Every structure is written in C-alpha cells, then in structure tokens.
Amino acid sequence: MIQELLRVERVNKTFPGVHALKDVSLKIGRGAVLALVGENGAGKSTLMNVLSGIHQKDSGKIFIEGREVTIHSPLHSQHLGLSIIHQELNLVPHFSVAENIFVGQEKKRGGIFLDRTRTLREAKTVLDRVGLAIDPNVLVRTLSIAQRQMIEIAKALSRNAKLIVMDEPTSSISGREIERLFRIIRDLKANDVSVIFISHKLEEVFAIADRIAVMRDGEMIGELDSKQSTPDAVIQMMVGREITDIFPKTATGTAEELFEVRNLVRAGQKQPLSFSLRRGEILGFSGLVGAGRSELLQAIFGIDAHESGEILLEGKPVRIGSPKDAIGLGIGFVPEDRKLKGLMLGLAVRDNISIASLDKISRRGVVRNGAERISVDEFIQKLRIKTSGRDQLALHLSGGNQQKVVLAKWLAIRPKILIVDEPTRGVDVGAKKEIHAILDMLAGEGVAIIMISSELPEILGMSDRIIVMHEGQITGELLRREATQEKILTLALSRETA
Amino acid sequence: MQTAKGDAPVTLPGAKPSFIRRVRNASSFGIVAILVVMSAILSVSTSQFLTSENLLSVFRQFSFIGIMAIGQVMVIITGGIDLSVGSVFAFAGVTSAFAMTKLDLGVPVGLLVGIVSGLAFGLMNGLFVTKLRLPPFIATLGTLSIARGLSYALTGGFPIPDLPPAFKFMGQGYISVIPFPVILLVVLGLIFTFFLRQTIMGRRIYATGSNEEAARVSGVNTSNIKILVFALSGVLAGIAGMATAARLGVAQSTAGVGYEMDAIAAAIIGGASVTGGVGTVLGCILGAAIMGVLKNGLILLSVSAYWQQTVIGVVIIIAVTFDLFRQRSRMGK
Numbered sequence: 235m236i237q238e239l240l241r242v243e244r245v246n247k248t249f250p251g252v253h254a255l256k257d258v259s260l261k262i263g264r265g266a267v268l269a270l271v272g273e274n275g276a277g278k279s280t281l282m283n284v285l286s287g288i289h290q291k292d293s294g295k296i297f298i299e300g301r302e303v304t305i306h307s308p309l310h311s312q313h314l315g316l317s318i319i320h321q322e323l324n325l326v327p328h329f330s331v332a333e334n335i336f337v338g339q340e341k342k343r344g345g346i347f348l349d350r351t352r353t354l355r356e357a358k359t360v361l362d363r364v365g366l367a368i369d370p371n372v373l374v375r376t377l378s379i380a381q382r383q384m385i386e387i388a389k390a391l392s393r394n395a396k397l398i399v400m401d402e403p404t405s406s407i408s409g410r411e412i413e414r415l416f417r418i419i420r421d422l423k424a425n426d427v428s429v430i431f432i433s434h435k436l437e438e439v440f441a442i443a444d445r446i447a448v449m450r451d452g453e454m455i456g457e458l459d460s461k462q463s464t465p466d467a468v469i470q471m472m473v474g475r476e477i478t479d480i481f482p483k484t485a486t487g488t489a490e491e492l493f494e495v496r497n498l499v500r501a502g503q504k505q506p507l508s509f510s511l512r513r514g515e516i517l518g519f520s521g522l523v524g525a526g527r528s529e530l531l532q533a534i535f536g537i538d539a540h541e542s543g544e545i546l547l548e549g550k551p552v553r554i555g556s557p558k559d560a561i562g563l564g565i566g567f568v569p570e571d572r573k574l575k576g577l578m579l580g581l582a583v584r585d586n587i588s589i590a591s592l593d594k595i596s597r598r599g600v601v602r603n604g605a606e607r608i609s610v611d612e613f614i615q616k617l618r619i620k621t622s623g624r625d626q627l628a629l630h631l632s633g634g635n636q637q638k639v640v641l642a643k644w645l646a647i648r649p650k651i652l653i654v655d656e657p658t659r660g661v662d663v664g665a666k667k668e669i670h671a672i673l674d675m676l677a678g679e680g681v682a683i684i685m686i687s688s689e690l691p692e693i694l695g696m697s698d699r700i701i702v703m704h705e706g707q708i709t710g711e712l713l714r715r716e717a718t719q720e721k722i723l724t725l726a727l728s729r730e731t732a
Numbered sequence: 010m011q012t013a014k015g016d017a018p019v020t021l022p023g024a025k026p027s028f029i030r031r032v033r034n035a036s037s038f039g040i041v042a043i044l045v046v047m048s049a050i051l052s053v054s055t056s057q058f059l060t061s062e063n064l065l066s067v068f069r070q071f072s073f074i075g076i077m078a079i080g081q082v083m084v085i086i087t088g089g090i091d092l093s094v095g096s097v098f099a100f101a102g103v104t105s106a107f108a109m110t111k112l113d114l115g116v117p118v119g120l121l122v123g124i125v126s127g128l129a130f131g132l133m134n135g136l137f138v139t140k141l142r143l144p145p146f147i148a149t150l151g152t153l154s155i156a157r158g159l160s161y162a163l164t165g166g167f168p169i170p171d172l173p174p175a176f177k178f179m180g181q182g183y184i185s186v187i188p189f190p191v192i193l194l195v196v197l198g199l200i201f202t203f204f205l206r207q208t209i210m211g212r213r214i215y216a217t218g219s220n221e222e223a224a225r226v227s228g229v230n231t232s233n234i235k236i237l238v239f240a241l242s243g244v245l246a247g248i249a250g251m252a253t254a255a256r257l258g259v260a261q262s263t264a265g266v267g268y269e270m271d272a273i274a275a276a277i278i279g280g281a282s283v284t285g286g287v288g289t290v291l292g293c294i295l296g297a298a299i300m301g302v303l304k305n306g307l308i309l310l311s312v313s314a315y316w317q318q319t320v321i322g323v324v325i326i327i328a329v330t331f332d333l334f335r336q337r338s339r340m341g342k
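Taken in sequence, the protein lines are chains B and H.
Under this note's numbering, residues 235 to 732 are what the first sequence spells out, in order.
Under this note's numbering, residues 10 to 342 are what the second sequence spells out, in order.
Please keep in mind that the hints were generated in silico from the structure rather than gathered at the bench.
Errors might be hidden in some of the hints.
In the DSSO-like style, the derived pairs of lysine-lysine whose C-alpha atoms are separated by at most 30 Å in a straight line are [unchecked claim]:
#1 B:K650 with B:K620
#2 B:K435 with B:K558
#3 B:K342 with B:K435
#4 H:K304 with H:K177
#5 B:K504 with H:K140
#6 H:K304 with B:K573
#7 B:K558 with H:K140
#8 B:K650 with B:K573
#9 B:K573 with B:K594
Everything numeric in this text was worked out from a predicted model, so none of it was measured.
In isolation and in its complexed conformation, chain H is listed as follows (with noise of 0.2 Å):
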C-alpha cells in the first residue's frame, strides 16, 4: 500500500522505479540513514556501543516509548495529539498492581485492568474531541491531570510492590536472547503496520487526517476514526506503563511522567506531520531508536546527564529539519 508520503517515481506510469530509487524515496528514508550515522559514529568513538548486550538494552529501553509512540502516531496522523499517555502511562500501571496485589485477581485480571484503564481515557478523550468538539490539545491536557491525579488518589502517593512474577516477565523476562519488551514492541510494530496500510480503517485513519471535510463527503466517518484513535492510544499507552512497572517490579504513581513529549517526539522525528495525513509506524519506532541510541551513546561517552537533555534537543531539531528539507523538495517537483 502506498503510505501517505508515497513516491513519486519518475519512470513510465506503473511501472516499478529500480529498488534504489525506491529506498532512496522512501519516507523513512532519511530517519534510516541518521540512525545509522549516528550508530556509526558511536561504534567508532566507544567500544561498548556495538555490543549484543549493549544494543539489546538500548532497544529494550526504548521499546515503551515505542509502544507509546504507535498509538500517538496514529492519533497525529489524524490531525490530532494526545498528551495525556503519559499519565495513563502510570494509570495504567497502578490500576493493573492494584488489582494484582490489593486485590488479589491475579495476572490475567490485572492485564486486562490495565488494557481497560488504558482504553477508559482514549474513550474520554475521543468523546472530548467528537462530541464535545474540544480542541485535541485541551481535551488531552485535561485527561493529563485526570489520570495523574486518579494514579496519585488510588496509590495515596505510595509505590506498588511485590508484582506477580508472571507479570513482571512483560518486562523483564527474555525470549532466548531478545527482552521481552522488544518483541512486545516488534509485533505491536508488526501488527499497527499492517492495520495502517491494508485496512479499510487505517485508510481512512489517513483519508481523516489529510482533509478531514473530504473524507466526510467520500463517505467516511470521521468522528467515529478520531474515537477509534484516541482509544487505541489509551490502549497503548496502558500496554507500555504495565510493561514499565513490570520491568521495574513496582508501580509508581509518578511513572511517565514527560512521556508524552517523547512519545510525540518520536512521531514527529519519524516523519509524521501535525498537519496530519502522514507519519508512518515505522518511522515513529525509528524516531524512538533515534532517542535511544542518542541517550545511550552520551552515557557510553560520559557526557555529564546535564547535558544529555540539551543535546537531544538539538538532535531532534535537526532530525526533523533534515526530513522535512527533504520532503519539501519533493513537494515541490
């Protein structure tokens, strides 16, 4: 399926421009190539950077922002933004221990607690947006403190502890080498890829967030997709927040706090717009390495974690200037 960006090959029409060119056009594209750049300067300036073990905890680390970022990429994608996973992030994290250890119903219960939280607020917040025709923007600033302060209510500011062993797998448990939270974030990956591109629903995703009054005229409704990804946000971010207190072992009430900005960040960076109508699974993933491997390369070269925040910063500015350059060129033929 041709992704929102699609190519714009310049061979005879239909037929298939040569594989190089096709890569060189792909919208993730220039995402890949930094990544690899900065993966390759790492390798060079410190010898723990290309290590299995050291690449697998990167990739761990930044799988639940990760999972994050899918369900907030899908969100933008439509023309919309979803502050709020970061808060039910955490709410999601309490709710499942809560109900795992206070209320003893075990792990199955305590997942599906979690998913339901999860859920509970994307509903909320598409109910927002559709209904009460809130700006996304305000509508998630306001589930924001919600969920925060729900988490801080339900946990009276205490951590949650002694998490079941079945659980905490989520997050630390490995299938033979590879974390769990990786594969966690690989199918997930695999899975949100397939739901954007050849489904019926992740069209329209697109079709709503390109020109919301034209997909309404071509039959599409676009309130209902707008519910559909909020929900499917929530969920996501009750995914990663369960997966985090698991990697941990404790649930905090204070957990994710910020996430949305990487979350968001990492969409951006992949490619997505706020204008809506592209942005890619993908990409956004590739926006999450990108954090990752920056955040670990300035530990691997000891620079002092005060400036770790100002240099990601500018990373992420001229990630997304690079893409963008590049998009508008092509735009513009």
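Only chain B is shown next, with the shape it has when bound in the complex (with noise of 0.2 Å):
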C-alpha cells in the first residue's frame, strides 16, 4: 500500500496583483499529521483552497496516493478524500445533526424519497467514531462550536475522508475540549486518515503533530519533524526576512499623555485591558487575526459596548456610548473593511468625504456649498487623491484610493486621535506610502495615532510603541528600539519574550 497520501509539487497560483503561492510543494503521509503555519497572508488558506477545489492552481502538480490529479471543484475534491473544515464551519443551524451530516449526499429510497431509517443509523454509526454522544435528531444550532466541529468531522469521515484539513480548529474552543479534538486526531491517525492542521498556536501545533510546515509570504520555507524542534526555530522560520526600512518617519512622538484607557473589559468578555497613548505618537498594535485588537479600539471608538473600564481623555474621565460621542471628543476611526464600515461607495467622494464633520462646513443645519468645496478640494489635494473629480462615485475609485478617501473624512473632523485599523490593507504599493507618509505627518503635527496591524514590517517602521496581543490579551509593550520581529511574533503567539 502507497505511503504518501498526498503530493503538492511546485503549485503556483496568482490572484490579481498578488502571487499568492510560489513554487508551492508539500507532502503528507498515511495516518501522518501536519501542522501548516504562518502569519496572515503567508498562503496558507490560498493552499488549502487549491486544494479543496475552490481555486484552479496556474501550475504545478497534486498527487494523491501517487496518482496525479486535477481537482476541478469543491465535489471533486471530496469525491478525491479531500476533506476541509473551515473555520466558520459549514453547517446548516436548522438542519438536525444526521441531516447536516448528510447534506448534499442525502440516503435515499427509489431515487426520490429520503430514507430517515438510513439516515439516522449511518449518522449514529459515524457519530460513534467520533465519540460524540448526541442525539441525531438535535438540531444543530442548539449545539456548542466544539460539538459542531466534532459533526464536521463526522461529515467528512461520512464522505471517506482520506486527509482532513483543519482550519484553526481551536480558535473558538479550550481546556476540554481541545483535548477531547487531539484524541479524535489520534484516532484518526491510528485510522490511517491524516490530517493537516492549519494553527497559530504553537503550543498546539508541538502538542498534535508529527510535522511542522512554516509558510511565508507565498513560499514554503520548510518543515520541521516537531519531536527534533523548538518553537522558536519555527518563529525564525516564519519571519526570516529582511526589514528594509523604507518608511519616511520623522515624527518621534512627545512624552505628554493624552489618552489612557484603564481595565476596560469587552462585552462578552473577561480580561480587563489598560493602555494609554500620548500626543504626537504613533501606537501600533500588533498581534495575529483574532487577537482581538479591533475589537478592542471598536469598543473604545464606541462602536460595540464594554462591560467596565475607564477612558480618560487629557485626564478627565470620558463616556463613549456610541461613535457620534467618540467624535464628539476628536476621536476618528478609520476601520479594517472600508467597503463595509468605511464608505458609502453610492455616494460622491465629495459626500464621503464631508459626512463626519457636516458641523463645521454648515450654518443652522444647512450646509454651505462652498465652504464644502473648499474643504473637499483641499483634502484631495493634501491626499492626493487620484479621482475624476469630488462628484465621483466613491466606487469608481481604487483601493487605495478609497482609503485616502475615508482618512479624509477623518482628517476633516481634526482630530486629537486617530484609530487606523489595517490602513494599507487591499493597498497599492505606491498609495501605501502616500498613507504612511500622511500618518507620519499627522502625528508631526500632534496626533496621537493607534495602528492596528498585522504587517510586521509596517509595524515596526511606523511605530514608536507597539502593544502586541493574543487572545484577547496584551502580552507584551515593546519600545521602537527594541523591537524586532522575532519578539513580536513571540509574543503574539503567547509566549514570554526570549
């Protein structure tokens, strides 16, 4: 019988703009487990989307049990072995759990009519390999997330499954449940059914694996046999590369403190976070998806409520009940989708632009035309905004291009503070640093700037304090100089600083 299960060799695949995987090869064998690593846009979910039929790989070959393969879509890919579980989980909440475990290859009879009788049984049998003791007839929605990805495992062994992917499996589960997943994961490897398992928890990955494969920016670096590594020879790997830096800061921010939020805990949550911020510097938050950093500032900008805590502004206590309060106070919020929280891509650019700060282009709650104009036309210049003119639709606009508008709309309320969530992202490489340039500016003249992002080199080159979190937690505070990669990383993946 064949070893290796599955053979990736040298798969590109390239999205507009974007190589997103390079010369891409990977190999797993029978019953082995391995865990696939990497920061945010390192490649990883473009992989396992080649993989499970949702992308057409440009080049390179798959082979499964050695027999090269295309896979041409989602069904194909299963029919294969090929068995993902995404984060999000695909199941249907009111669907019961032996519906859900059979949807899309339902037992029937005579072709037409669905067998319950079948149903059941074979969803008790397969729930039974899993170890999970439910009720077949529960609707799904009345289940917790670990028992709904003990069912999604059920689905896949249901279809045979050869190699089953996980994608950040434990993001949402712990303590008990975590080790109730492993033993599965054992079992299933004892079953000869391997598994890939996609984490940024390190503990974790050196807990369940065999192996360890470390992704980079569209490259595979390398793989580690867990047993003969460390955790941090897996963290060099993963940043291994060279800062250059290209940023033209200048600004070094002031000593005065301007802002300070004290043991504020989110709604839902139990960890009370404290920070503060001072004018003139530019505060980056770093730390992996999910870590829980725009959560944190939508909170404090008013968006999304907190249980308890404190925001002082220049020393005296401050309500944010809503953004129209964090305004109020000269706070702006450039957010992380802009397509979704940051423009109205219906409107005029002139529109977009103007619609924080109607107070101040306005007399007696009508707005004056051209002092808009005026405003308008001074913030396309100042930003450079390439557009048709302040009449154009914000749709017709690029990416990056959009983003400058939506920092205009916050620059035009001059604000004391401004939140950046991930403001290059979805970014021209010349637009990005028109913007680095304008933050720069802005805390030169005694802004006091919170960035959030998950670029470390950006980070690091704009900067002067970073606050690195992890699961809804502040691991860690690093000062400009100090600062590397290395560190950072570590400390979003929870460990103490070296």
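Need the complex rebuilt from these two chains, each delivered in its own frame; the hints are there to steer you.
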C-alpha cells in the first residue's frame, strides 16, 4: 500500500496583483498529522483552497496516493478523499445533526424519497467513531462550537475522507474540548486518516503534529520534525525576512499623555485591558488575526459596547457610548473593512469626505456648498486622491484612493486621536507609501495615532511603541528601538519574551 | 449639492462640464424624457390633452399621490418602505373631519388633528423599525391594518360630509388659475428638495441608506434618521389625505386603498432604489406625473377602464427598466 497520501509539487497561484503561492511543495503520508503555520497572508488558506477545489492552480502538480489529479471543484475534491473543515464551519443551523452529516449526499429510497431510518442509523455510526454521544435528531443550532466541530469531522468521515484539513480548529474552543479534539485526531491517525492542522497556536502544534510546515509570503520555507525542533526555530522560519526601513518616519512622539484606557472589559469578555497613548505618537497594535485588536478599538470608539472600565482623555474621564460621542471628543476611526464600514460607495467623493464633519461646513443645519467645496478640494489635494472630480462615485476609485477618502473623512473632523485599522490593506505600493507619509505628518502635528496592523514591517517601521495582543489579552509592549519581528511574533503567539 | 446618484463628468477635476452634458447626466433625465415623449404623443393623438384646463386638472389629480410620494421617497432612500401611507391617508382625513364636524373644533384644529394623526403613525412605524427591529415591510404592513381599522371604527363605516368651506379650499380652491393642491405639491416639493439636498439631516438620510454601518461609524444616529423619515412620511400622507377629503367634500374611511402602491411606484419610477441611498424629490414628483399623464391619456383616448390598469403596469416596468439600464451603464464606467 502506498504510504504517501498527498504530494503537492511546485504549485503556483496568482491573483490580480498578488502571487499567492510560489512554487509550493508539500508531502504528507498516510495517517500523519502535519501542521501548517505561517503569518496572515502567508498563503495557507490559498493552498487549502486549491486542495479543496475552490481555486484552480496555475501550475504545478498534485498527486493523491501516487496518482496525478486535477481538482475541478469542491465536490470533486471530496470524491478524491480530501475534506476541509473551515474555521467558520459549514453547517445548516436549522437542520438536525443527521441531516447535516449527509447534506449533499442524502440517503435516498427509490431515488427520490429521503430514507430517514438509514440516515439516522448511519449518522449514529459515524458519530460513534468520533466519540460524540449526541442524539442525531437534535438541531445543530442548539449545539456548542465544540460539538459542531465534531459534527464537521463526522461529516468528513462519512465521506470516507483520507485527508482532513482543519483550519484553526481551536480558535473557538478550549481546555477539555481541545483535549477531546486531539484524542479524535489521534484516533484518525490510528485509522490511517491524515490531518493537516492549520493553527497559530504553537503549543498545540507541538502537542499534536508529527511535522510542521512553515509558509511565508507565499513560499514553503521548510518542514520541521516536531520532536526534534523548538517553537523558536519555527518562529525564526516564519519571520526570517529582511527589514528595509522604507518608511519615511520623521515624527518621534512626545511624552505628554493624552489618552488612557483603564481596565476595559469588552462585552462578553472577561479580560480587563489597559494602555495609554501620548500626543504625537504612533502606537502600533500587533498580533495575529483574532487576537482581539479590532474588537478592542471598536469598543473604545463606541461601535461595540463595553461592560466596564474607564476611558480618560486629557486626564478627565469620558463616556463613549456611540461613534457620535467619540467624534465629539475628537477621535476618528478608519475601519478595517472600508467597503463595509468606511465608505458609502454609492455616494460621491464629496459626500463621503464631509459626512462626519458636516457641522463644520454648515450654518444652522444648512450645508454651505462653497465651504464644502473648499474643504473637500483641500483634502483631495493634500492626500493626493486620484479622482475625476469631487462628484465621482466612491465606487469607481481604486482601493488606495478609496482608503484615502476614508482618511480624508476623518482628517476633516480635525481629530486629536486617530485610530487606523489595517490602514494599507488592499492598497497598492504607491498609495501605501503616501498613506504612511500622511500618518507620519499627522503625528508630527501632534495627533496621536493608534495603528492596528498585521504586517510586521509596517508595524516596525511606523510605530513609536508596539502593543502586542494574543487571544484578547495584551501580552507585551515594546519600544521602537528594542522591537524585532521575532519578539513581536513571540508575544503574538503568547509566549514570553526571551 | 450632489444628489446620491451624482454626475460623473469626464472633464478636468473640479471643472464644470458643459450644460448639455450636465442635463444629460442628471439623474432625472430619463424620466423627463419619457414624460415629454408621452405628452407629445398625446398632444398629437387627442385635441384635448394640451389644453390648460386639462393639464391643470391632471396636475391636480396626481398632486395627492405626489405629496405622499415625497414622504415615501425619503423612507426608500434610507432603505426602508412605508406600506401604511394609504391607510394613514384615510385616517387623517376622517380624524380631521371628525374634529371639525362632530366636535366642532374649527378648521385650524382640524388641520392639526390630521397632521398629528399622520405623525402618530409615522412615529409608530419608526419605533417599530428601530426599537423592535421589525423589518419596515412588516412593521408598516401592521400599521396599514391598524390605521385602516381605526378609520372604520371612528366612522362606523359612514362617510363624514359637510366639511367646512375653509377646509374644502385646500382641495377645491384656486390661487389665480392654479388649483390649490398643485400649489401645495410645488411648495412641499421645494421644501423637501431643499431639505434633502442642502441640510445636514438630508445628507444623513442619504448616508443611512447608502451604507448604514458606515454612516453609524461616521457619527450618524441612524435610528433617529429612520424615525424621522417615517414620521415625515406619515405627516405627508396625512396632508394628502386631508387635501383629498377637502377635494371631495367628504371624508371616507375607505379612501386611499392601494395608494401606497402608487406612491411607491412614483418614487421608483422617479429613480429611487429599494436598496437605498438613491432617490430625489423631483424624481418622485415626475414619477407621479408620468402615472397621472398616462391615466389621463388613456381616458382621453377612450381606452376601456379595464385596460388602463394593464397599460399602467406595463409602462411602469418599461420606465424603470429604461432608467435602470441607463444607471447601470453609468455605474459600469
């Protein structure tokens, strides 16, 4: 019997503007557990999407059990024995457990009628295999995340999966449930089912995986044997790039404390968080996706509620119950997803820029067109927004220019504090530099900036101080001069600084 | 101010495009064109269309729907819909008539009662949508029935006649040669055009409809905006209801059945989008005009009443398709 289950050879995948997979190769044997690690944007999801048939590779070969295959579609991928369990889970909440297991491959009688008896019986069989003692008639929406994950695994097994890919399976479970998951994975191993385990949590990776594959910037950097390696070695491989200081940072921040958050507890969380911010400084927030940075800053800005804690501005406690309150205090917020929360795409550039600062260009509730024109033109020029005119729809601008429009909106309120969440995501290189220059200039003018970024070079290049978060907690704070990619990543993966 | 659909001039940034181009790009161009073409056809096919009495009569006819459509378009711009306006129309008519005739409270109080009736239902709709988070369709479907039921209950099913002459002026009077309802429509049209284009509230209405989440993050109190537009829709439906009762000289609890559909159609023909963020007061008035001219034309051409409904439906579909087509090609550029 062939020992090698899956072999990926020099696979490439390019999207417009991005070479997502560069000559990636990978091997996994029968009954082996391979962990796939890498920063955000390293290419892990793209690789999994290629394997599960969601995307087509541009070049390279894929072999399953020694036979070369071309994976046409997710259904085809399943027939080949590959099953992927996404982080968001693909269950139908209003269906029962049994129905969910067999969705898409329902047990039928006479070709058209659902065979409920068989469905229930076979569901029970496969649930026993994963050790989940649950009534298959129960509706999925009544179950916990951990239980739902087990059902996804049961689903995969019912399709005779030879390889199960688990994407961040422990992001929403903890403690006992993780133990149970690991037990199931070991059972799968014993039954010759292979597992690819994608995770950011190195402790778990080392606990469950035989081998660890590290990706970075679309490339497969290398593989390590988990028993013969250390987390530090993995971090080294994840990070190992050169940092060239390409950011035109001139401002250095002041010592004057402007803003303080004390023991803020987000709605539904337990961990109190505290930090302070100084005039003219750029405070970087680093951490992996899901660390809780955006959620924290959204709670501070009033988009989400917080249960307890204090916010002090210039030494005085303030109440921020909504974005309107925050804006009134001179705080601006450039959101992570500009299309969702930043822009009104169907409206013109002019409307988008002036919406948060209408009171400044109006008198007695009436907007003064002249004042608006002057203000909008000023920002179009200052930020070098490429648009055919202030009346062009925001929809038609490029990503970088759209981001500048969002920035302009917030600059128009003359903020004291500006929060930017992933300021250069989806932005081309040229606009990226311009945005960095704008932030630098603002800091120089005394504006305090909180910058959330998942790009280490950006964090290191722009920040005066860096706060690192992991799983809703602040794990560390670094000054610019002492920060390195390794230190940040170590804190982001929840281990102590060396 | 730039309406939500905006120009997309292809000249230097900031420079004003030529007049012709601006006219062509204007969001209402399509419907004005349709209106002009329809009127031209009718002027040629019947001799009575292009007379001043006929035109003023048509104008007066559609002015009631036009007033309601102004309120409706504001709700639609925020991404909602108001199905209750037909019933509120009737309710305001009967309550004001009741106050003036049965309770003898005089015309000014009667007018106030009608407006407050409309406002009350508008606020009810607004609160259902924002506090109870009911979808606007469902909330206003409910108030549609409530308002209608209350109208029947108040009148016992009987019409309320003998309305005071001062009140009837609202529907039957003239200022020089122009019927008063037309003046009412024009004045309200101007007020709300200004409101939507030039005021902070107006900007926030478009923002809420274009992307509610982004508007909220930008400091707009989207809940209050929604309550506001529903309230205005209720008030305008009330005004239209009173004007119609004034015109007929009688307030009926059965008035306005189905008028919400006409108001919605007028707004949509006028360029409003059900997804929100787009629409103009001028557009919805033109939309009401198109439907009014169409109905008038069919009557003058002696088309059987049974066919009128069908023709109107077909024209609505053609008009909206034509306009959407134009919009899509502009958005694609």
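Holds or violated: B:K650 with B:K620, Cα cutoff 30 Å? 26 Å, holds
For B:K558 and H:K140, compute the direct alpha-carbon distance and say whether it is at most 30 Å. Holds - the C-alpha atoms of H:K140 and B:K558 are around 19 Å apart, at most 30 Å.
Against the 30 Å threshold, does the CA-CA distance of B:K650 and B:K573 hold or violate the hint? 25 Å, holds
Pairwise hint evaluation, B:K594 against B:K573, where the allowed Cα distance is 30 Å at most: Within the cut-off at roughly 25 Å; holds.
Does H:K304 pair with H:K177 here, judged by a C-alpha cut-off of 30 Å? Within the cut-off at roughly 25 Å; holds.
Holds or violated: H:K304 with B:K573, Cα cutoff 30 Å? Roughly 43 Å separates the two Cα atoms, so the pair is violated.
30 Å limit on alpha-carbon distance, applied to hinted pair B:K342 and B:K435: 42 Å, violated
Starting from B:K504, check that the Cα of H:K140 is at most 30 Å away, please. 28 Å, holds
Keeping to a limit of 30 Å between CA atoms, is the pair of B:K435 and B:K558 held or broken? Answer violated: B:K435 to B:K558 is near 38 Å, above 30 Å.
Of the numbered hints stated above, those contradicted by the structure are hints 2, 3 and 6, listed in ascending order.
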